[in-house]
Amino acid sequence: MIPGPLGYPILGMAHWLMRREDILNAFGCFLDKHGPTIFSWLGPIPFMIVSDPQVVQDIFTSPHCVNKGIIYKAVDDGAGTGLFSMNDPRWSIHRRLLNPAFGHKVLLSFLPIFNRETALLLDQLKPLEDDGEKDLIPLLQSFTLGIATQTTMGSDVKSEENLMSNTLLDRYQCILETMTDMCFSPWLNSQFIRQLVGKESHYYQAKTEIRQFIKKLIEKKLSEDQKETLPAIKSIDKNIFLNLATDLLRRGVFSWKNVEDESNIIVFGAFETTANAVYYTLMLLAMFPDYQERAFEEIETLFPNTGNFDVTYADTQQMVYLDLILNESMRVIPPVPVVSRQTSQDLKLSNGIVIPQGVQIAIDIYHMHRSKKIWGPEAETFNPDNFLPHNIRDKHPYAYIPFTKGIRNCIGWRYALISAKVTLAKLLRNYRFKTSFPFEDLYFVEDITMKLKSVPLLELQKRT
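Sequential numbering of the sequence shown, starting at 1, is according to our numbering.
Among the clues, some could well be false.
Using 25 Å as the maximum straight-line C-alpha spacing, the simulated DMTMM-like pairs for lysine to aspartate or glutamate come out as follows [as the list claims (entries may be wrong)]: (1) Lys451 to Asp32; (2) Lys451 to Asp135; (3) Lys216 to Glu272; (4) Lys453 to Glu219; (5) Lys451 to Glu219; (6) Lys462 to Glu293; (7) Lys199 to Glu21; (8) Lys453 to Glu260; (9) Lys126 to Glu298; (10) Lys33 to Glu380; (11) Lys257 to Glu298; (12) Lys434 to Glu459; (13) Lys126 to Asp247; (14) Lys257 to Glu272.
None of these hints come from the bench; they were simulated from the model. Since the structure is predicted, the reported quantities are computational estimates derived from the model, not experimental observations.
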């Protein structure tokens with residue numbers, strides 16, 4: 001029998017999860033008290049929380065646990081039914097068809113874009129040099145959104161008025177915020193209830209404007225094909241995401257809605273997770289300056305001069321210490337704190353326990369990444385040495401899963417890592433980052449992606 005909190009009649013443990021900012025703490029308390037695999041109820045719904053690497057592996061590698069949990073119904077409404085939330089067998093078909101868009105050769109073809117856009121980001125940062133602590137997240141999100149539309153959609157949208165004014169970013173944030181509310185407050189999945197509580201009008205407007213933005217990019221691509229005026233990015237590889245998706249549309253494999261939904265999901269995922277990974281890494285390095293200096297020394301060896309320089313794929317392979325830092329950053333602050341699956345059939349775990357069909361499972365990546373049983377007594381602090389070969393060698397292969405793993409791992413994980421490394425290399429070579437915000441005061445909030453209750457500001461000091 002799996003242990004867990006009994007909760008109350010009818011409610012189960014739902015009353016502990018009413019406030020989103022308390023959910024991660026509640027999960028941590030349950031896991032501390034009952035162990036790394038627990039069972040309870042969310043109202044009438046059977047529910048598990050898992051932070052045991054072996055059980056996580058059993059779940060992620062089972063064909064009976066491919067489908068996302070019902071909590072992600074909100075994503076279908078807000079962003080569309082695509083790779084993120086689609087159920088099998090449709091998910092398997094779409095994943096197989098879209099895998100080539102994230103192949104190694106395609107990703108290497110993006111390096112000129114990563115380099116060019118990061119050079120423009122450095123220009124935007126110049127006015128902020130030595131001018132006190134600033135909120136860099138909007139700037140980084142605008143930067144990564146621009147990269148995402150170029151690399152996946154083949155369009156440079158920097159001149160778009162709504163991007164320059166951050167309106168587009170505001171719309172994406174509105175959708176993300178409302179989808180998260182809908183995930184953890186299921187009654188908000190009703191449009192009528194959203195209208196009653198005043199959440200529908202802004203959400204509807206945001207969805208409409210994002211859809212119009214994505215539709216414009218798709219129509220531009222189709223128009224260029226009809227005129228036989230190929231965008232520069234198409235000459236690089238036919239497997240660029242939108243080239244691939246529109247080809248599937250022309251062949252009748254994808255519907256227009258498939259192309260629109262998948263495009264929306266891909267752009268959303270590409271810019272949001274990369275911006276967070278870069279910012280959180282800079283934030284942690286500002287809090288732990290000794291590690292920042294070690295990263296700088298490695299990068300300075302590869303790139304002796306400040307200013308703009310191009311980072312090649314071979315360069316990224318030599319950034320060994322930056323790899324350690326990025327891995328540790330995503331251990332301490334995983335891109336997605338909790339992911340959900342549901343069993344489509346009874347699932348027998350390697351420990352002999354059978355999870356019945358229809359159980360909702362929350363895989364708690366955040367607490368597994370911070371488990372002292374796995375990572376030692378200093379598991380909750382930041383130390384890149386955790387990923388030195390002799391320290392990581394004996395860890396369970398599913399103890400570290402920033403992009404999940406198994407059958408339904410993140411399609412864009414290589415994209416995120418390469419773009420983050422290029423960006424971090426250029427930023428850390430040109431700037432020293434500082435903050436007055438202490439690491440101990442970080443408070444993480446449950447969201448579809450990882451969020452902080454209070455975001456530390458960063459100061460940029462120009463390096464020579």
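Comparing the hints with the structure gives:
For a cut-off of 25 Å, the pair hint linking Lys451 to Asp32 stands: about 22 Å separates their Cα positions. Between Lys451 and Asp135, the direct Cα distance comes to roughly 14 Å. Compliance with the 25 Å bound is thereby established for this hinted pair. The hinted pair formed by Lys216 and Glu272 meets the criterion: a straight-line CA distance of about 21 Å does not exceed 25 Å. A C-alpha spacing of about 39 Å is found between Lys453 and Glu219, which places the hinted pair above 25 Å, so the restraint is violated.
Taken as a hint, the Lys451 and Glu219 pair is broken in the structure, with Cα atoms around 34 Å apart against an allowance of 25 Å. Straight-line distance between C-alpha atoms of Lys462 and Glu293 comes to about 14 Å, which keeps the hinted pair within the 25 Å bound. For the hint pairing Lys199 with Glu21, the CA-to-CA distance comes to about 19 Å; that is within 25 Å, so the pair holds. For the proposed pair Lys453 and Glu260, the alpha carbon gap of about 32 Å is over 25 Å, so the pair is violated.
Proposed proximity of Lys126 and Glu298 is supported: the alpha carbons are some 23 Å apart, at most 25 Å. For the proposed pair Lys33 and Glu380, the alpha carbon gap of about 18 Å is at most 25 Å, so the pair holds. A distance of roughly 46 Å separates the Cα atoms of Lys257 and Glu298; the hinted pair therefore is violated under the 25 Å criterion. For the given pair, Lys434 sits about 5 Å from Glu459 by alpha-carbon distance, which is consistent with the 25 Å threshold.
The hinted pair formed by Lys126 and Asp247 fails the criterion: a straight-line CA distance of about 42 Å is larger than 25 Å. Straight-line distance between C-alpha atoms of Lys257 and Glu272 comes to about 22 Å, which keeps the hinted pair within the 25 Å bound.
Checked against the numbered hints above, the structure violates hints 4, 5, 8, 11, 13; every other hint is satisfied.
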